[in-house]
Amino acid sequence: MIELSKIGKTYLTGGVETPVLHAIDFTVEEGEFVALMGPSGTGKSTLMNILGLLDRPTGGTYRLAGQDLTTLDDNGLSAIRNKRIGFVFQLFHLLPRVSVLQNVLLPFLYTEPYPPDAKERARALLQSVGLGERMNFKPNALSGGQQQRVAIARALVNEPSIILADEPTGNLDSVASGEILEIFDRIHREGRTIVMVTHEPDVAAHAQRVITLKDGAVASDERRN
Amino acid sequence: MSAADIALDVTSARRSRAKRLRPVRMLRLARHAAGALWSQKAKAFLMMIGTAVGIMLLTAVVGLSAGVQNRINQITAFFGPRSIMVFAGGGHLHGAGGRAEAGTTLKLQDAQAIQNQYGYEAVVAPGIFSGDTNVKAGGVGTQTHLVCSTPDYAEAFDWYVQEGAPIDSDDERSMARVAVLGTTVATNVFGAEDPIGKHIFINNVPFVVKGLLTSKGTSAMGFDQDDRIWIPLSTGMNRVLHQDYIRFIRMKVRPDYKVASVVDQITQLIRQRHRIVPPEQDDFRIITPDFIAQRVQSMARTTELVGGALALVALLVGGVVLMNILLLSLSERVPEIGLKRALGARQRDILVEFLSESVLVSLFGMILGVLLGLLPVLLIPRLFPMMPMAVSWKTFAYAALFSTGVGLLFGVQPARRAAKLNPVEALR
Ligand SMILES: Nc1ncnc2c1ncn2[C@@H]1O[C@H](COP(=O)(O)OP(=O)(O)O)[C@@H](O)[C@H]1O
Ligand SMILES: [Mg+2]
Numbered sequence: 001m002i003e004l005s006k007i008g009k010t011y012l013t014g015g016v017e018t019p020v021l022h023a024i025d026f027t028v029e030e031g032e033f034v035a036l037m038g039p040s041g042t043g044k045s046t047l048m049n050i051l052g053l054l055d056r057p058t059g060g061t062y063r064l065a066g067q068d069l070t071t072l073d074d075n076g077l078s079a080i081r082n083k084r085i086g087f088v089f090q091l092f093h094l095l096p097r098v099s100v101l102q103n104v105l106l107p108f109l110y111t112e113p114y115p116p117d118a119k120e121r122a123r124a125l126l127q128s129v130g131l132g133e134r135m136n137f138k139p140n141a142l143s144g145g146q147q148q149r150v151a152i153a154r155a156l157v158n159e160p161s162i163i164l165a166d167e168p169t170g171n172l173d174s175v176a177s178g179e180i181l182e183i184f185d186r187i188h189r190e191g192r193t194i195v196m197v198t199h200e201p202d203v204a205a206h207a208q209r210v211i212t213l214k215d216g217a218v219a220s221d222e223r224r225n
Numbered sequence: 001m002s003a004a005d006i007a008l009d010v011t012s013a014r015r016s017r018a019k020r021l022r023p024v025r026m027l028r029l030a031r032h033a034a035g036a037l038w039s040q041k042a043k044a045f046l047m048m049i050g051t052a053v054g055i056m057l058l059t060a061v062v063g064l065s066a067g068v069q070n071r072i073n074q075i076t077a078f079f080g081p082r083s084i085m086v087f088a089g090g091g092h093l094h095g096a097g098g099r100a101e102a103g104t105t106l107k108l109q110d111a112q113a114i115q116n117q118y119g120y121e122a123v124v125a126p127g128i129f130s131g132d133t134n135v136k137a138g139g140v141g142t143q144t145h146l147v148c149s150t151p152d153y154a155e156a157f158d159w160y161v162q163e164g165a166p167i168d169s170d171d172e173r174s175m176a177r178v179a180v181l182g183t184t185v186a187t188n189v190f191g192a193e194d195p196i197g198k199h200i201f202i203n204n205v206p207f208v209v210k211g212l213l214t215s216k217g218t219s220a221m222g223f224d225q226d227d228r229i230w231i232p233l234s235t236g237m238n239r240v241l242h243q244d245y246i247r248f249i250r251m252k253v254r255p256d257y258k259v260a261s262v263v264d265q266i267t268q269l270i271r272q273r274h275r276i277v278p279p280e281q282d283d284f285r286i287i288t289p290d291f292i293a294q295r296v297q298s299m300a301r302t303t304e305l306v307g308g309a310l311a312l313v314a315l316l317v318g319g320v321v322l323m324n325i326l327l328l329s330l331s332e333r334v335p336e337i338g339l340k341r342a343l344g345a346r347q348r349d350i351l352v353e354f355l356s357e358s359v360l361v362s363l364f365g366m367i368l369g370v371l372l373g374l375l376p377v378l379l380i381p382r383l384f385p386m387m388p389m390a391v392s393w394k395t396f397a398y399a400a401l402f403s404t405g406v407g408l409l410f411g412v413q414p415a416r417r418a419a420k421l422n423p424v425e426a427l428r
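Taken in sequence, the protein lines are chains A and B.
The first sequence: position 63 = 63 (this note's numbering), numbered continuously.
The second sequence: position 104 = 104 (this note's numbering), numbered continuously.
Derived by calculation from the structure, the hints in this document are not laboratory data.
Virtual Cβ for every residue (Gly too), placed ideally from N, Cα, C.
Just so you know, not all the hints are guaranteed correct.
[As the list claims (entries may be wrong)] EDC-like, lysine to aspartate or glutamate: derived pairs with alpha carbons at most 20 Å apart:
hint : chain 1 : residue 1 : chain 2 : residue 2
1    : A       : Lys138    : B       : Asp283
2    : B       : Lys420    : A       : Asp73
3    : A       : Lys214    : A       : Asp25
[Claimed, not checked] Heads up, incomplete: computed chain B residues facing chain A, CB under 8 Å, no partners named:
hint : residue
4    : Ala7
5    : Val10
6    : Arg14
7    : Arg28
8    : Leu29
9    : Gly35
10   : Ala36
11   : Ser39
12   : Lys41
13   : Ala345
14   : Arg346
One chain only, chain A, in its complex shape (with noise of 0.2 Å):
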């Protein structure tokens, strides 16, 4: 699903290179859920947005079901987040003027053609990460973990391949975070791709592979079973 062959990232700000991650070469299978750790400031969420397309690297390839997406234009790349990438931020995300209900309704914004389905598709995802009674509640009258969860469900509404999660339970108590980690189990074994950085090894013990990162390059890589 995912191939990344010897990605590099140099950021170059005042004239000054900063290179932040060196030939990265991994693959993940369509299916799999991994867990990327590694000590702050290692280039994790550079990597992260790189995989989203938010980014792009400055040398390897990244192909994506066999498709190197490196040639892609702005517009192309969009297209791809839009249809085939969900993100979960660590900061929600949500947009505090609209409702629930809109805020998973918003990928369908740049979509074509516009599902004609798509306000049910929202409503059963809320309904399934237990938010069926809040879809007209402003994200601010909802607990942190309950924000995530729509977010969560803003991620799935497109039924997209791959879901990247940048630290979703980070600013969440451990409650929260057991509720999150569930849903993710679940859509995980619905058969979705799933790439999420953490620090916290018992949140990387819900993934089936966990990748560490170490000074911008793979410093380990392991399955377990």
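The hints should help you fit chain B with the ligands onto chain A, whose structure is shown.
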């Protein structure tokens, strides 16, 4: 399964590279933008004030212009579009109140000379108007306007009798004491009785009523046109007013000839006859519908120019304010833009969304401005009937044009800035 789908999506994304936005998508984005505005009503209101004030002024100015045009059309219709009036007396007609001094130099012979030379090109009716003339019949007395003019008066003014007979050339030649009444005088003096054949005293001179004019009603300037009596010019000059000069020559130019060139020719002719050599002042004035239109227009022009300039300034200031509020609020919305890009918004989607906001704000400002601007347009003519103001389709066309223009022009920079944001940095 999923992999094949992705492959398909990627190839289609690569192939289409579609930059164009479908109308449905734009509509969707515009609706979303409307929601964003609705959630920030106070700010949206601030953003629309400038446009509203500008459009309000614009509406008032366009209302004035339309009113002036209406007034000109009315006056032209009243005056007769192919008509020329030569008035005795020089000087210039200033505004509504100014009066040129009366002259005694315009003579019947001038009219005859014009008739001899330009009889093919125009109907020529010389005459005298005399206001506040006493008329009396059977003990009932009143005041009216006396018109002394030749038989051509009827054709020159398109004014015919509805009953009896008009003044004819025999009357003119013989200085007959016959009169044709306007309907107002007829009713004032004779009530419901048929006036034809009755005796009437004009300045104590006895006349016989021979005809009744058709009714023309109240003029565009607000006076009763039917309050008049028409008698032969010769009778008027010799038996009633005792004067050897006339006060006007009315001409109606025939369709094949140009009013302006007739005006030029008779100007030359009268100057020659009166031995006037420019820069000496003329002792007569020639008035045409064009001349009146120019006067009315020039009276309104200053107001139009000042109002139009103010409207433009308000629109520009409003646009700059709009742009700056948009730029300021952009910083608050950076994470939102990052999120939308992550969810699949193209740069162009963000651009359209932000432009929609500024255009929608301007359009709401336009609605407010048109409503406020229509107030004076509708009220002023009721309070001051002489002020020309009218609602015209142009009001709405200009308002829509200018407000959309302001929205696009001043929304483009903030929208481009939003679209160009780096999604990764925006999300941080
Ligand atoms: N735009 C940028 N310009 C320069 N350096 C950057 C930029 N973004 C991130 N970095 C640097 O890259 C490194 C990795 O950052 P990040 O990927 O956020 O790490 P992690 O998510 O693992 O904590 C950090 O040292 C950070 O300072
Ligand atoms: Mg990070």
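Hints and how they fare:
no.	hint	in the structure
1	A/Lys138 with B/Asp283	violated (84 Å)
2	B/Lys420 with A/Asp73	holds (14 Å)
3	A/Lys214 with A/Asp25	holds (13 Å)
4	Ala7	holds (5 Å)
5	Val10	holds (4 Å)
6	Arg14	holds (6 Å)
7	Arg28	holds (6 Å)
8	Leu29	holds (7 Å)
9	Gly35	holds (6 Å)
10	Ala36	holds (7 Å)
11	Ser39	holds (4 Å)
12	Lys41	violated (11 Å)
13	Ala345	holds (5 Å)
14	Arg346	holds (4 Å)
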